[in-house]
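Peer 1: Protein chains in written order, with this note's numbering: chain A, 1 to 327; chain B, 1 to 330.
What the simulated footprint calls covered on chain A by chain B, stretch by stretch (three residues with Cβ under 8 Å from a Cβ of chain B suffice, anywhere in the stretch; the number is not a length):
| no. | stretch |
| --- | --- |
| 1 | 94–100 |
| 2 | 103–113 |
| 3 | 146–154 |
| 4 | 162–171 |
These are calculated hints, taken from the structure and not from any lab test. A virtual CB, placed ideally from N, CA and C, is assigned to each residue, including glycine.
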Amino acid sequence: MSAPASHADRSVLVTGGQGFIGSWLVERLLEEGARVLVPQRPAPERSRFRLLGLESRCEAMSLDLLDFASLLRVLEEHQVDAVFHLAAHTVVGQADRSPLPAFETNIRGTYNLLEACRMARLKRADRHVVIASSAHVYGKQGGLPCPETSPLRPVGPYDVSKACVDMIARCYAVTHDMPVAVTRMSNVYGGGDLNFSRLVPASARALVAGDAPVIHSDGTPERDYLYVEDAVDAYLAVEGSLRERDLWGRAWNAGGATPIAAGEVVRTLIEAAGTDLEPEIEGGESSDVVDSRWVDSAEIRTLLGWEPRWPLESALQKTYAWYAEGL
Amino acid sequence: MQAGATFQDTTVLVTGGQGFIGSWLAERLLGMGARVVVPIRDVHPEKRFHAEGIGERCILEPADVRDYDALLRILTKHEVQTVFHLAAQPIVGIANRSPLSTWESNVAGAYSLLEACRTKGTLGAPIERIVVASSDHAYGPHADSPLREDSPLEPRYPYDVSKGCADMIAASYASRYGMPVAITRLANVFGGGDRNWSRIVPDTARSLARGQRPVIRSDGSPQRDYLYVEDAAEAYLSVAESLDRSELHGRAWNASLGRPVSVLELVRRLIAVSGSDVEPDIQGEGTPHAEADSLLIDSGAIRDELGWAPRWSLDEALTRTYAWYGRNVG
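Excised from the complex, chain A in its bound form:
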């Protein structure tokens, strides 16, 4: 295992940099002294990217993932050393209601970016491309946790879009000998997630307002939850792995050590908020195709030395503190 590379003086493009996970990654890269490029996009007023003033520390590129020429220009003119591709339609329900924009952004956006990287001779071993896939690509699996070798069995449009991204990205490493890696992370939570259709943001927002959190399911569906700062560590570890040629083209799972039921997550968050509210359990049908999602993170632990550093309790305390202050 080797320590993640320092990014001092490197030009790093982070698509989705204004987003939830992106803002944490951008912050880390800036701390390491990187020059960080993000596509120009209006960041929501209450986004972490704005609140922390990351906006004024990044260079905002006129760049559209659906505009191939704009990608090529930015990669060439700004001598980009590394790309973290996090931009995507990330809300499963939205993607299912309106699949075309999700397919366009997720699939076409990714192949445009990879193709621009290929054309821009982004093939040198020190110029790395990390593509965000998702644990959703596994769909329904017989045995859990699933290792990276599990077949991809996505069902709905969002999950399928991520599986396409995943297969396309890896094929660039194999076919065009490019330093590309794919991440498959489980449910990432932490301060700055403004997608309130998700369990942690929705529950935190309710608690900040003094309301009881609502659990739409019966509280039993299990996921492995990954704290966002651990997710950032995983992104950096995966990027560092690309210094080794024989690790090009791999997909890397990263998730919490054990799956946790929705009810337990919410109870832990209630404790973190210091209240004694009881969650409201609706007991409805989950819209998700699986009862349990759990990825096996043995590879990234063993080969890249990554470990989640944050236990659920302290991570949820930190998370709650952000919502209490940020909202």
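With chain A held as given, fit chain B onto it using these hints.
Peer 2: Relative to the frame of chain A, chain B by itself:
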């Protein structure tokens, strides 16, 4: 089972109708009394679709399968009931050299068309049957063949990945929106009209028609599963008819002759049916990068559940095929 009256007096869209397999399918549909609509991007007058008078019996619409608006307009204007989506960039080597145009046609083309079909349904006139051409390549390299339809899709190279993507996207429209979508995964299709000279059958047939020795780039040993184009067209029709049974929506269907044929055997048989006695020129290079060495698929499902079976033996199919090249390339 023969596709009977299902398509008579109905309107059928065949994307890729101008192409090799599409032209046979369009011709068959015309023969059954269907109105056949074919979107056309580039025009290739030399193709059998035009040269054999198929195109003039179809309704041609200028459109790129990437163009959702144009597709929706065509589906609506002609009140299309059945869609066969065959349009694709079909050449493995081109996909390696030019991935972008392959992603655009094969992946974005698939979701643009499916989305146009979904939208048409929300406007109150759902498409009744949608058949999307995937490929046996979508499976990727597998150690254990023959492959059944529930084998995982593990494509590695661009063409294979593009088909794997289209395959998964198509299935998601059936599972999430309850649309009547089916997927075909056909083996290597050969027959008259294939002008992709990088493929073994067209290349060999052309050499023979010109009185030249056929060249085998490999050592002749790689085995593939093949399917004659008229049997392929019949498989498409059977799969489309299966969609009248809602329990079969979202299924993928393999179809092939069902036995491994080495390149050398194929070339020797083609030489024999052409009435020649030349020896092939075996160059003995390895299997080209990005092509599976041997891939066999199991067509048990389409045979047992849909009653499809190849009508032509390999020799009969090669005889018909060679006749076409003999007439058309000299």
